[in-house]
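Here the protein sequences come in this chain order: A and B. What the first sequence shows, in UniProt numbering, is residues 1 to 295, in sequence order. What the second sequence shows, in UniProt numbering, is residues 1 to 295, in sequence order.
I should point out that these hints are in silico values taken from the structure, not numbers from a laboratory. Virtual Cβ for every residue (Gly too), placed ideally from N, Cα, C. Careful, some of the hints might be misleading.
Listed next, with one range per pair, are the computed distances between beta-carbon atoms [stated by the list, open to error]:
| id | chain 1 | residue 1 | chain 2 | residue 2 | range |
| --- | --- | --- | --- | --- | --- |
| 1 | B | A176 | A | P242 | 38 to 48 Å |
| 2 | B | P134 | A | E28 | 23 to 33 Å |
| 3 | A | K15 | B | R283 | 48 to 58 Å |
| 4 | B | A135 | A | D143 | 49 to 59 Å |
| 5 | A | G184 | B | D143 | 51 to 61 Å |
| 6 | A | R85 | B | R248 | 33 to 43 Å |
| 7 | A | S179 | B | K92 | 51 to 61 Å |
| 8 | A | E111 | B | R291 | 26 to 36 Å |
| 9 | A | E111 | B | G122 | 26 to 36 Å |
| 10 | A | D140 | B | E144 | 35 to 45 Å |
Now for the letters of each chain:
Number of protein chains: 2
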Amino acid sequence: MFTGLSAFPLTPLVKGEIDEKAFVALIEALAAAGVNSIGALGSTGSYAYLTREQRFAATRLAVSAAAGVPVMTSIGSVNAEEILRLADDAQKAGVSGLLLAPLCYQKLTAEEVFRLYERVCGEISVPLCIYDNPATSGFDFTDELLVALSALPGMGSIKLGYIPADPAEASARVTALKSQVAEGVTIGISGDAQSAAGLLAGCDVWYSVLGGLFPDYCLRLTQAALRGDVEETRRLNDALEPLWGFFRRYGSLRVIATVAELTGRVAAPCLPFPLQTLVGEEREVLGQVCRPVQA
Amino acid sequence: MFTGLSAFPLTPLVKGEIDEKAFVALIEALAAAGVNSIGALGSTGSYAYLTREQRFAATRLAVSAAAGVPVMTSIGSVNAEEILRLADDAQKAGVSGLLLAPLCYQKLTAEEVFRLYERVCGEISVPLCIYDNPATSGFDFTDELLVALSALPGMGSIKLGYIPADPAEASARVTALKSQVAEGVTIGISGDAQSAAGLLAGCDVWYSVLGGLFPDYCLRLTQAALRGDVEETRRLNDALEPLWGFFRRYGSLRVIATVAELTGRVAAPCLPFPLQTLVGEEREVLGQVCRPVQA
Chain A
1 MFTGLSAFPL
11 TPLVKGEIDE
21 KAFVALIEAL
31 AAAGVNSIGA
41 LGSTGSYAYL
51 TREQRFAATR
61 LAVSAAAGVP
71 VMTSIGSVNA
81 EEILRLADDA
91 QKAGVSGLLL
101 APLCYQKLTA
111 EEVFRLYERV
121 CGEISVPLCI
131 YDNPATSGFD
141 FTDELLVALS
151 ALPGMGSIKL
161 GYIPADPAEA
171 SARVTALKSQ
181 VAEGVTIGIS
191 GDAQSAAGLL
201 AGCDVWYSVL
211 GGLFPDYCLR
221 LTQAALRGDV
231 EETRRLNDAL
241 EPLWGFFRRY
251 GSLRVIATVA
261 ELTGRVAAPC
271 LPFPLQTLVG
281 EEREVLGQVC
291 RPVQA
Chain B
1 MFTGLSAFPL
11 TPLVKGEIDE
21 KAFVALIEAL
31 AAAGVNSIGA
41 LGSTGSYAYL
51 TREQRFAATR
61 LAVSAAAGVP
71 VMTSIGSVNA
81 EEILRLADDA
91 QKAGVSGLLL
101 APLCYQKLTA
111 EEVFRLYERV
121 CGEISVPLCI
131 YDNPATSGFD
141 FTDELLVALS
151 ALPGMGSIKL
161 GYIPADPAEA
171 SARVTALKSQ
181 VAEGVTIGIS
191 GDAQSAAGLL
201 AGCDVWYSVL
211 GGLFPDYCLR
221 LTQAALRGDV
231 EETRRLNDAL
241 EPLWGFFRRY
251 GSLRVIATVA
261 ELTGRVAAPC
271 LPFPLQTLVG
281 EEREVLGQVC
291 RPVQA
């Protein structure tokens, strides 16, 4: 399941409660588009802001609405006991995979992170994806640690948070990782602005924020990259450059949530308080900037 | 209540559950020593790792064991609705103050942080202390934002996470802040290694990790600093320099938890999984290094 386009939808909220109708519609659109997997309750799905009960309810809805497309859900928490409870819940709800970032309050050491994944892997029965995103989790993985973790039983994929901007260096990092990680563990790219580069550098899967709202365009880009069509990949990605500028400036969540509000896919405001979507002129400009993906 | 020595005790855990007997004994020792306030469930009290139910139970125990010494407790969460529930719980448990760090999953903007504190201040009836600690919360306060927040109703204190190492610059920052914050809002220092410098620079209160385990020594240091006895303050602080070295290298929580285990105040391991206390030679050296405070 950890190849191709993995689409990460929003979990739209209304006053702190999940807007179930809008959430289900987002998932159904992803299934209809034929994405390879759905990362319900990723960072874009605001998992970190939801209660255990909300996460369980949303996961059940997602699995049902996905109509057979594999769903994975994030079990991240700073509380290790809670991680195990969330893993249990998610598996009961029928997920095909789990996603885990090592959320920090106190900065974790590499050894502590290894112990955490080791314990979680010992207690789950669906594959796990390592969620590498220092900006949200507060932890920086080394490639050495990623390789060590890949050998744990049940490991399915690594969602990279960063690749070098230089294409040769990016390719070297991905090639080196792929040669060292345990067999069957795929390498994925996240951080949408660098994802075309990541796929061209050899990543197997795009863990995609934009794909959670605009799966058709992102599928075209992913498939072009994976079949080695550099020109078409660049053409599709270049058209998104103004949008990536917004992602870099405001964070992908605020931007995609604003686009979802602007296009009527969710009611405004849809983010967990106090997170705000864009306002004023920036909101208007964004409306124009995201036109290519709507075509 | 936000002056003098505010002692932050550990919340010792046994397999994820609070060791109530050991926790109560820590609080009773602080009350007996005559600390000015107790920051139960601060970062040192592992609040971020506990469930709402555990936080409520621990707060009730702390207020009872504190025997009249004002207790404050942290209501931090990335989930704003949960913050309000935690504030309610803490007030029902009888706290005299609340402590709030703007915990981030997605990085917060200054405007979002302002909205968060504004909303919380509108719904609480005991004073609030702003908890500035970028390393754990993921948010960097500017002095401009701290000053704006200080004017919110019910604001009681600002717990600074950082002061410049240069004494003149430290003094300039604290003096400037004190002249700008709303009347009655005190300025406190945290990060034990810089706390003597913070008090000498004009801070009103030491929010102290070490004071949670060794209140007598920390009271002597605080009182020396607050009466302007620079020489005695430096003498007491210099004796702790080897201990501060451990704080800098391993983080204050791992170090103070190791010391508590070594001195039999808590059972080992006392930290929330996967956080580890020190082992091997470092643990032995630490045992020697913390002797001055035990005298």
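We went through each hint and held it up to the structure:
no. : hint                         : verdict
1   : B:A176 to A:P242: 38 to 48 Å : holds, 41 Å
2   : B:P134 to A:E28: 23 to 33 Å  : violated, 41 Å
3   : A:K15 to B:R283: 48 to 58 Å  : holds, 49 Å
4   : B:A135 to A:D143: 49 to 59 Å : violated, 24 Å
5   : A:G184 to B:D143: 51 to 61 Å : holds, 52 Å
6   : A:R85 to B:R248: 33 to 43 Å  : holds, 35 Å
7   : A:S179 to B:K92: 51 to 61 Å  : holds, 57 Å
8   : A:E111 to B:R291: 26 to 36 Å : holds, 28 Å
9   : A:E111 to B:G122: 26 to 36 Å : violated, 43 Å
10  : A:D140 to B:E144: 35 to 45 Å : violated, 30 Å
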